[in-house]
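**Q** Based on the hints, put chain V in the right spot on chain A.
These are the residues of each chain, in order.
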Amino acid sequence: RTTSSSTTTTTTTQMWSGSSRKSRSSSSSHHHHHHHASSSSGNSSSSVKESFGVKLFDKYADPDDATNINMEGIVNLCTELDIDPLTDIRILVFLWKMGSKEKPQQISKEEWLAGCTKHKVDTIDHVRKMLPSLDTGFLIHSEFKDFFKFCFQFNREGTHKTLDRELVVELLRLVCGTGSYIAKERLDTYCDFLLSHKGTEYVRITLDQWTSFLDFCEEVPNLEYYDETTSAWPVLIDEYVEHMQSLQQKK
Amino acid sequence: NDEIKAKAIDRLEDILDRGINNSGRTSMFGPREYIGIYTTCYEMCTQRSPYNWSRDLYHRHGETIEKYLTTKVIPALREKTGQGGPILLNELQSRWLNHQIMNKWLKKFFTYLDRFYVKHHSLPTLHQAGLRHFRTHVYDDVKRDATGAILDLINDEREGRIIDKTLIKSIVALYEAMGMGSLDAYNADLESMLLESTRQYYSSKREEWIASDSTPDYLIKAEAALETERNRVNEYLNRSSEGKVLRVVEEEILQSVQMVLLEKEGSGCRALLANDKSEDLRRMHRLFARLENGLVPMASIVQGFISSMGNDCINKRQARLNDGEKEKADDPKFVKSLIALHEKYLGVVRDEFCGNSLFQKALKDAFVEIINKDIGQFSNAELMSTFCDRVLKSGGEKLTDDEVEKSLDRIVQLFSYLTDKDLFAEIYRNQLAKRLLNQRSASDDAEKIMIAKLKVQCGTHFTSKMEGMLGDLVVGDEQNREFESKMKEQKANLDFSVQVLTTGFWPTYKSPEVALSPDMSKCMDFFKQWHDRKHAQRKLTWIFSLGTATVRASFGKKTYDLLVTTLQAVALAQLNGGVTMGFEELAEKLNLEENILKPLMHSLSCGKHKVITKSPASNKVNLTDKFTANSKFTSNMRKIRIPMANLEASHNKHRVEEDRSTAIEAAIVRIMKARKTLAHQQLVAEVLAQLAFFKPNPRTIKKRIEALIEREYLERRSDNNNAYNYLA
Numbered sequence: 001r002t003t004s005s006s007t008t009t010t011t012t013t014q015m016w017s018g019s020s021r022k023s024r025s026s027s028s029s030h031h032h033h034h035h036h037a038s039s040s041s042g043n044s045s046s047s048v049k050e051s052f053g054v055k056l057f058d059k060y061a062d063p064d065d066a067t068n069i070n071m072e073g074i075v076n077l078c079t080e081l082d083i084d085p086l087t088d089i090r091i092l093v094f095l096w097k098m099g100s101k102e103k104p105q106q107i108s109k110e111e112w113l114a115g116c117t118k119h120k121v122d123t124i125d126h127v128r129k130m131l132p133s134l135d136t137g138f139l140i141h142s143e144f145k146d147f148f149k150f151c152f153q154f155n156r157e158g159t160h161k162t163l164d165r166e167l168v169v170e171l172l173r174l175v176c177g178t179g180s181y182i183a184k185e186r187l188d189t190y191c192d193f194l195l196s197h198k199g200t201e202y203v204r205i206t207l208d209q210w211t212s213f214l215d216f217c218e219e220v221p222n223l224e225y226y227d228e229t230t231s232a233w234p235v236l237i238d239e240y241v242e243h244m245q246s247l248q249q250k251k
Numbered sequence: 001n002d003e004i005k006a007k008a009i010d011r012l013e014d015i016l017d018r019g020i021n022n023s024g025r026t027s028m029f030g031p032r033e034y035i036g037i038y039t040t041c042y043e044m045c046t047q048r049s050p051y052n053w054s055r056d057l058y059h060r061h062g063e064t065i066e067k068y069l070t071t072k073v074i075p076a077l078r079e080k081t082g083q084g085g086p087i088l089l090n091e092l093q094s095r096w097l098n099h100q101i102m103n104k105w106l107k108k109f110f111t112y113l114d115r116f117y118v119k120h121h122s123l124p125t126l127h128q129a130g131l132r133h134f135r136t137h138v139y140d141d142v143k144r145d146a147t148g149a150i151l152d153l154i155n156d157e158r159e160g161r162i163i164d165k166t167l168i169k170s171i172v173a174l175y176e177a178m179g180m181g182s183l184d185a186y187n188a189d190l191e192s193m194l195l196e197s198t199r200q201y202y203s204s205k206r207e208e209w210i211a212s213d214s215t216p217d218y219l220i221k222a223e224a225a226l227e228t229e230r231n232r233v234n235e236y237l238n239r240s241s242e243g244k245v246l247r248v249v250e251e252e253i254l255q256s257v258q259m260v261l262l263e264k265e266g267s268g269c270r271a272l273l274a275n276d277k278s279e280d281l282r283r284m285h286r287l288f289a290r291l292e293n294g295l296v297p298m299a300s301i302v303q304g305f306i307s308s309m310g311n312d313c314i315n316k317r318q319a320r321l322n323d324g325e326k327e328k329a330d331d332p333k334f335v336k337s338l339i340a341l342h343e344k345y346l347g348v349v350r351d352e353f354c355g356n357s358l359f360q361k362a363l364k365d366a367f368v369e370i371i372n373k374d375i376g377q378f379s380n381a382e383l384m385s386t387f388c389d390r391v392l393k394s395g396g397e398k399l400t401d402d403e404v405e406k407s408l409d410r411i412v413q414l415f416s417y418l419t420d421k422d423l424f425a426e427i428y429r430n431q432l433a434k435r436l437l438n439q440r441s442a443s444d445d446a447e448k449i450m451i452a453k454l455k456v457q458c459g460t461h462f463t464s465k466m467e468g469m470l471g472d473l474v475v476g477d478e479q480n481r482e483f484e485s486k487m488k489e490q491k492a493n494l495d496f497s498v499q500v501l502t503t504g505f506w507p508t509y510k511s512p513e514v515a516l517s518p519d520m521s522k523c524m525d526f527f528k529q530w531h532d533r534k535h536a537q538r539k540l541t542w543i544f545s546l547g548t549a550t551v552r553a554s555f556g557k558k559t560y561d562l563l564v565t566t567l568q569a570v571a572l573a574q575l576n577g578g579v580t581m582g583f584e585e586l587a588e589k590l591n592l593e594e595n596i597l598k599p600l601m602h603s604l605s606c607g608k609h610k611v612i613t614k615s616p617a618s619n620k621v622n623l624t625d626k627f628t629a630n631s632k633f634t635s636n637m638r639k640i641r642i643p644m645a646n647l648e649a650s651h652n653k654h655r656v657e658e659d660r661s662t663a664i665e666a667a668i669v670r671i672m673k674a675r676k677t678l679a680h681q682q683l684v685a686e687v688l689a690q691l692a693f694f695k696p697n698p699r700t701i702k703k704r705i706e707a708l709i710e711r712e713y714l715e716r717r718s719d720n721n722n723a724y725n726y727l728a
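Residue numbers (my numbering), protein chains in the order written: chain A, 1 to 251; chain V, 1 to 728.
Calculated directly from the structure, the hints in this document are not laboratory data.
Listed below are several chain V residues computed to face chain A (Cβ distance under 7 Å; list not exhaustive):
no., residue
1, H680
2, K702
3, N722
In silico DSS-like links for lysine-lysine, alpha-carbon gap of 30 Å or less:
no., chain 1, residue 1, chain 2, residue 2
4, V, K673, A, K161
5, A, K101, V, K676
6, V, K703, A, K250
7, A, K198, V, K373
8, A, K149, V, K673
9, V, K169, V, K108
10, A, K198, V, K695
11, A, K149, V, K676
Given the structure is predicted, the values throughout are model-derived calculations rather than measurements. C-beta atoms are modelled at their ideal positions from N, C-alpha and C, and glycine is treated no differently.
Chain V extracted, bound-state conformation:
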C-alpha cells in the first residue's frame, strides 16, 4: 500500500516535471490523466489513519514546489540578472506565468486536500502555499533587481524612449499578487522606490528647466509632466499610486520653486498680468491650485498688481492737475479709467482664475485701497457722484439705455468699495436735486434704476430721501395740474407753476428774501392761499434761489425767449424799459446781498449772452457798476439759456459731519443699552461693526463717548477705568 502511495506521488511529480518542462502549455494534462491523479489523491486522503496520506501529501506539495523553484527557476533568473533589465523581466514574467499554471493544476489535483485537511488544520490553502513559496524563494530574491529594472525603464520612457509597457504591467501584477490580498508588497517593494526615483528625476529636471525656461514655458512642461505621469500610472502601474506619484511631482516641480516661478523677472505672475497672457495665467492658476494654499502667494501678487494699476490711474490724474489742468469735480477720464480697470480684472478673475474666492478677495482689497485714496480738492466719492450726474443728466454723456444701465452698474460696483458711502450719498442727493429741479434729468427710469441699485447695496434707509424726492415730483405734477386750472381762472399775466418739496428729503437751500415783481407776488399769494386751504397743517417756505423762468425779451424788432432763473428774471424785470441802475440801487431794490447779486449780474452782463450792458465793461462786477438793457443785443437763436453760477456748495460738509456724530452716538447708546457694561475696545469694535456707511477713526468714536459721558448716558466704571456702564 505504502509503496503504491509513494509511487503515485512520484508519478505525479514526474508528470508534473514533464508538464512543467513543457512550459507554456495550458492544457498539459488531458482529462483522463487529470481524473486519475485526482482520484489517487482522493483515495490517499480518505484512507483511515494510519493510512491517511493527507499530511504527507500536503508536505509533498510544498516540497515539490519548493524544489522546483529552487532548482530550476532561481538559477534561470540569476543567470539573466546580469543581462539587462528587460531580459530579466521577461524571464521573470514567464517564470511567474509558469508558476501560476503550476499552482493552478496542483490545486486542481489536490482539491480534496484543500477541502478537508487544509480546512481542518487551518493551514494556508494550496494556492496560498504555492504563492508563498514563490514569494519566499523567488520573489524576495529577485525583487530588488526587478524593481531597479522597472524604474530604469520608466526613466527611459520619460526621456522619450519606447519601452515594453505590457511587460511591466504583468510584473506589476506579480508584485500585487505577492501582497496576498493587500498591496503591501507592491507598496514596499516597488511603489516606494518608484516615488523616490520619480522625485530624483523631477528634482533634476526642475533644476534644468528653472535655469533656462521662462515661467510660462516651465509651466507648460510641468503640466505635460503631470499629465504623462498620470497616464503612466493608469497604463501599467497600480492605480493607487496615482495620487502619490502626482504629489511627488507637484512637490518637486511646483511647490519647491513656486515663489521663483511667480517672481521671475519678465515672465513671472506680474509680467503675465501686465501682458494679458490669459492662457498662461490660466495654466498657472490650474497648476498652483493643486498645491495646498498654492494660490495664496499668487493672489497676493495679483492684488498688488491691481493696486499698482489703480495707483497709476491716480497718478495720471495727479499729473494732469500738476500740468495745470483746472481741478473740477467732473473728471470722467479718471472715473472711466477706474471702471475700465475694474471691468478688466473682474473678467480676469472670472475667466483666468475661475472665479476663485481668493482672487475675488484680492480684487476687492485692491480696489478698497485704491478707491479710498483721495487726492486734490475733490474726494473720489464726489468724482464718482459727478460721473453719475453726467450719465443721468440730459446733454451729458451720449449713451443708449443699455449703456446707461451698464455704466451705473459699474459705478455702483466701485461704490461698494468706498468707505465714505454717506459722503457719496449726500453729494449724490444734492446733484439729483439739481437735476430734478432744473429738469435736467435725462430719464426718470434711469434715476430710479440707480436708486434701486444703491438700495440693493445699502438698504432702504440709505435711499429713502432720494426716493422721497422722486415722489415729490410725481405728487407735484398732479398738484400742478389741479392748480393750473385754478390759475386760468385768475387770468394772470404770467404762466405760473409751483414745485412743492418736502423738507427733509431735499437738501437745504439758502433762500434770499428777494423783492419780487408785483405780478409774481400775486401769483405766489394765490398759490399759498390755495395750498393752505388744501393742506392746513403744512407750512410753506419759498426758495427763490431755485426756480426757473422764461422771460420774453424784445430787443429792437426781434423777440427772444430767455431761459433764466427766478432771481435773474426779477433782476431783468427791474431793468425793463431801458432804465439804468447802479449796483447798489439794484441791491436795495431787489433786497439782495452782494454775494448773490454779483454772480447774478455777472451772468447777465459778462457771459456769453450779454442781454444787459455793464458800464464800465469788464469781466468783473463791481459795486460802482451801472447796468442797463443791451439795446444792441442779437442772437441767431430764438430760445436762449442764460446760466448762472451755482449759489450752493456741492454738499454740506458740516451736515455729513453732524450726521456722522449722531450716527456714532446712536450706535454707542444702542450697544450700551443692550450690554449694560462693556470694555472700551469692545465698544469701539462693536460701534465700527454697526456703522455701514463710513468708518470713523477710534479717536472720533472716543470723542463721542466722552460727549455721552458728559450728558450722563454713560459713566466710566469705578472699578475699571477701561470700561463703561450704561446709565438708564
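Chain A with its partners taken away, still in its complex shape:
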C-alpha cells in the first residue's frame, strides 16, 4: 500500500489534449490486428446475433491495441457526433453509462460491447439519438453521485490516484454547470479557494476530497452552522470554510 504520489505534471488540460495522443500500450507488434478475428474470441455470451456495437468499436479502437478505445478514439467519436469534449459533459455521461470502469481514460471492448447491448446501440446514429438523454439533469441523486465519482476516476492518469487541482476545477465546472446539486456561488468560491491556495497540500486532489465535496454541498448549504470540532469532512473543506468565514468577517 503506497502513499498517494504527488508527481507534478506540466500540462494544465489533461483531460483532453487537443493534439492526438499516442496510445498507452507501446507494443508495436500488434500493428496489424484483424479485428474480426479477435472479436469473436472476446464475445459476451448474452446475445444470439452478432454483438451490438462491434463495428462501432472497431471504428474507434486504438490501432495499437484492439482491446481498448483510448482518448484519441474518444475524441474522434466526439468529432463525429459534433460535440466538443472540452465543454460538453455528455461524452463523460456516455462513457459512464457505457460502463467504462476498469481503467481510466479508456473503455475496453468488453465494457463497450456490454454497454452497447444494454443501451441498444449499434450505429453512430443510435449514439446521436442518445445525446439528449445524456443531460445530467436526468440523473436521480444516487445516479449523479455515482457519475460524479466516475468523472474523477475516469480522468486519472495511469496508476496515479490523484488529480491535478487545475483539472479538478475544470471538471467541477463542467460537471456542475447545469446541475442543481452544487450551488453556483459555492462552486465559484470553492474553485477560487483551491486555485489560490498557497502551499503544497492541495496541489493534487484525492478521490475522497472530490466525492466529499458533493456531499458537503448537499448537506451543508449554509456555512453559518458549520462546526469544525465535530466535522468529519476532509481538512480541505474545513480550510475552505475557514477561508469563507474570514472573508465574511472582513466585510
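**A** Only chain V this time, still in chain A's reference frame:
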C-alpha cells in the same frame, strides 16, 4: 370499710403534703411509715370487687399530683417569671427536682398499682403519669419563658460573661425528660430556638467582623467561635445538637461570606499565598474543608495563583531575551525557577492543604498550563532536556550525587506535565548520544537513574533506545579490549579504537566521506576485517563526523597533545610539515564540502587556540583563504582541547513529525480494526486517549484518516458521512 379506705388516702395525701412542703428532703418518710402506706395500698388493691380500690387509687394519684402542681407549683413559677431568667430557672429547677422526688415516692407507695392494675389496663405507669402531669400543667406553661431565659444566658456567655452552666444543664435535663423517651420535646422546645438564636447571633457578628477584619483575623475568630460552640454543647446541652449548631455557625460565618473572605483585597487567599502565610493558609483550609465543596473556590484561586507565578517566570525569560540576551537552548535560570516554583507549591499542598486531592489537581493543572507555554526559538522541552544535559555532563553543574538525583527527580516531575513528551525524548536522546560519544558523561549511574525515572513515567517503549545506547557502550568496551590486543600485533603508528553503534538506537548522523590519512585508513580496514569475521551479518558504516583524536603536535621545541575531532585531525595531517594550502585545495584533498570545512578550519584558526594560521587573518573563513601551521603557537597547557562547532542539529524535527504521523496512523488502524465501524468524533477521542507522548490537534488526526482512506485502510460509510468502516 369505705371510710377507712378514704381515710387512708387522705392520710396519704396529708403526709405527702407535709412531706412535699418540706421540700428538698430526700428521706421524708421513714421506713415504718413507708411500709404502712404501702401496705394500705396493697390491701386496697387486693380487695375483691366491689371493694377493689385500684381504679380509685389510680385516679387519686393523678388528681393528687395535678392538684399539687396547679395549686402550688404553677403560681410559684408565675410569680418568678417576671423577675429575670436565672430566677425563673432556679425556681423551675427546684420544682422539677421536687416533682421527681414526689413522683418517685408515689411510685414506691403505689407500686402494687403499677404491677397489676396499670399493666392489666394498659395504662401509663405511675411514673409516666406523673411526668405527663408535670408536662401538661407545668412544663407546657413555662417552657417558652424558660427557653428564652436559657438563650439569653447563652448569648451572655458568648459575649464573655459568666453564667450558671449547671443550672442550664439541669433544665436541659428537664427538657430531655419531657420527651418521654425521645428528644422531641428538647428538639421542638429548646433546640430549634437555640439554632435560630445562634443563627441570628452569628449573622450579626459576621457583619461586624467582615467589615473590619482582615481575612486571617476573621478566620481566627471564626475558628474560635466554632470551638466555643462545640464546647458549649458538650458542656451543658444535649450532645445531639453539636452537629446542628456547628452547621448553623458554619453557614453564617463561613459559607455565606466564603467568596468575600477568599477575595479580600490584601488579605484574601491570593495575598496569603503571595506572602507565604502558612499558618493562615492552614487555618483557611481547615475551616473551608468543613463546608460541602468548600475547597473548590479556594483550589481554583490557588491554581490561578500558581499559573500567574509560572507566567512570571516565563515573562522574566522573555524580558531577558528582549534585553538582548543571546537565545540559547541552555537556560538554567529559567528551568531552575520553574523547579523552585514547583517544589515550593508541592510543599504548600502537602503541608498547608494536607495533600488534599483538589489542591494536587490545582498544582498539576497550573503546571500543565505553564510548562506547555513555549516562547522564543526553543521549546520548553528542549530547555528542560538541556538542563538535564548540564546536570549529567562532566563540567556542567557542580553537584553532589544526592543533588544530582534530586535535580533529575524534579525535572522528571516537570516532564510529567509536558504534552510533547516525544519531542523531549528525541532531544534528550541526541544529547545523551553526544555525552556518551564524547565521553562527557559525568556518571554512568546518573545516566541510568535518569533513564529509569523516565521509564517509570512513560513505560519501557519510551526509553528502549536510550537503554540500547548505554548497552552499546558496554558491549563496545568489551569489544575494544579484544580488538586492542589484535591491534598491538599490527604495530601500527596510531593508537586506534572503534566504537560500534547499533543503528536505530542512536540518532542518525551525517557522514561526510572524508579522505583519511593512509595510517588511519589502514587501521580502519583492519578493524573492518576483524569485525566482519566476527559478525558476518552486520554491516558497518563509518561516521567520520563523530570520533575524537589526540594529535601530538610539535611547535618549535615544545610538544602538545591536541584533543580534536577526527575531521580536525585529518585536516591537521594535511597541513603537517608546514605546508600552505588554500581552502579549495584542502576541500579537494579532504573531499569535504564547504559547509563542513568552513567550521572545521574556523575551529583551528580562529578559535582560542590558533594552531593554524589563516591568511588573511580574520574571524571568518573564506574560500580564498590560505592555511598553514602556526609556527609561533604556544600555550601554557600541555593538553589542549580544541572544540569544533556542532555539525548536527539538536534534533531532527522531521523525525519527530514523521514518528507522530506513524503513531497516529497506527492508533487509528488499531482502533478501527477492533471496532470495525466508528463515528468520527469517537475515533478522534479514542486516538487521543491512546497517544501518551504528544497531543495532536484534531485536524492533524483528520489528515491521517484521509491518508488512510487514500491507502484503502478505511472508507467513509455510505449511509453516514460522519463514520468510517475498517477495510480488512
